[in-house]
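Read top to bottom, the protein sequences are chains A and B. In this text, residue positions in the first sequence follow this note's numbering: the first is 1205, and each later residue adds one. In this text, residue positions in the second sequence follow this note's numbering: the first is 1205, and each later residue adds one.
Since the hints were derived computationally from the structure, they do not count as laboratory data. These numbers come from a predicted model, not from an experiment. Watch out, some of these pointers could steer you wrong.
Identical copies go unnamed one by one, so any copy, or any two together, can satisfy a pair.
Unchecked claim - Cut-off 25 Å, straight-line C-alpha distance, at most; resulting in silico cross-link-like pairs (BS3-like, lysine-lysine): (1) Lys1364 to Lys1374; (2) Lys1212 to Lys1374; (3) Lys1384 to Lys1374; (4) Lys1399 to Lys1374; (5) Lys1227 to Lys1384; (6) Lys1399 to Lys1212; (7) Lys1399 to Lys1384; (8) Lys1272 to Lys1227; (9) Lys1402 to Lys1374; (10) Lys1282 to Lys1272; (11) Lys1374 to Lys1348; (12) Lys1348 to Lys1402; (13) Lys1348 to Lys1282; (14) Lys1348 to Lys1399; (15) Lys1348 to Lys1272; (16) Lys1212 to Lys1402; (17) Lys1348 to Lys1364.
Number of protein chains: 2
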Amino acid sequence: MTISSQGKPCIICVAITGSVPRKEHNPAVPVSIAEQVESTQAAFEAGATIAHCHVRNDDQTPSSDPEKFGRLLEGLNKHCPGMIVQLSTGGRSGAGQERGGMLSLRPDMASLSVGSNNFPTRVYENPPDLVDWLASEMRQYEVKPEIEAFDLSHIHQAVKMNQDGRIAGKLYVQFVMGVKNAMPVDRETFDFYIKTVKRLAPEAEWCGAGIGPGQIQINEWAIAAGGHTRT
Amino acid sequence: MTISSQGKPCIICVAITGSVPRKEHNPAVPVSIAEQVESTQAAFEAGATIAHCHVRNDDQTPSSDPEKFGRLLEGLNKHCPGMIVQLSTGGRSGAGQERGGMLSLRPDMASLSVGSNNFPTRVYENPPDLVDWLASEMRQYEVKPEIEAFDLSHIHQAVKMNQDGRIAGKLYVQFVMGVKNAMPVDRETFDFYIKTVKRLAPEAEWCGAGIGPGQIQINEWAIAAGGHTRT
Ligand SMILES: [Zn+2]
Ligand SMILES: [Zn+2]
Ligand SMILES: [Zn+2]
Ligand SMILES: [Zn+2]
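Could you put together the complete structure from these sequences and hints?
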């Protein structure tokens, strides 16, 4: 952990693999379970607290296979004792309820998108009934959701789901900026996101994630503002 | 037109039919072209400036049929001379490019969604390539788009499309609030929408639309803040 200028511990979440980049883009991307465990252990020893995890098929395409997630979870629990493991239920790795097939593994956390938005070339589809089903699985298996807020209404929706019991406990909201055709990296919006979280859910924790060239910018803003951040 | 407290004319846009309500919900909903023309004329004579139009099939289900839109346009031009006619390209009335089949009729305006979001029971899908195609048809036929901002990133996206030439002329942005699973009626967000439009597109005009019980609230806020509004 890092101590922010506001004196509060900053949680660093490492997205070790993601669903898009491949070896041909960057040979250092960890793709196999063994590579992922090794890379996460290095990040853990360097101070990261949360590992945000995707798994891949042998051809490097994204997967939601619970068996692969299970092996990753086992490797991380063994090599990074105490690290918080967050599994992705994102839409690039599967369709419909496939996206939540790994929740019965009871990871510490899982990502949860509560609204829909555009991505660079398509719609990121999170229909209301799927969102509710993923949230109910997370309640059942006591998995802490990280809300992926790709837009402002997603914060409102998370608060509503928290208030009516669809999401249990204190909210953990991640602001995602810099995705083409969704929310750009914009300082005023970033500040308004924080203001909105503090107004509607004062107990919540928040985290900033910038995509591509926006990553370092969002890291700086989030740490300075007393939030958590994603690398 | 109405003069707001800020001394600027307020454009009142009447959504005469919409895509959802039917005679069984409210017998006063104008469904046939003749009913729509009659109802719009009454609104026009009462001071409305823009007619936001949907057309229906004989069984009242929503339609994108260019022939129906053509007859409505003709009736409105005849009975409401000078009124601005805005045709809906919304997603409830058709799929894909069907949604823009009426743009070649060269209405004054058409609605344009530039992002995706959740609706009460489904995803409102506006994939990037369809958005770009609808925008290019509007440029080709000189149709002024009304941007439907269901979320904050939609304002950013409209500004980007305006700056890179995909949307011509001064932006006209409508804030839509009160749709379940999208943006609720929220005063701080409403004010931030205005602030964002003024910051990123100072020349733009904006309009507030509240759905269902939020309608009157948004009308009041929009008129008081010097914007336009939708009934
Ligand atoms: Zn991810
Ligand atoms: Zn995070
Ligand atoms: Zn409409
Ligand atoms: Zn309007």
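**OP:** Output the numbers, in ascending order, of every earlier hint that fails for this structure.
**Re:** Going through the list in order, the structure violates no hint and respects every one.
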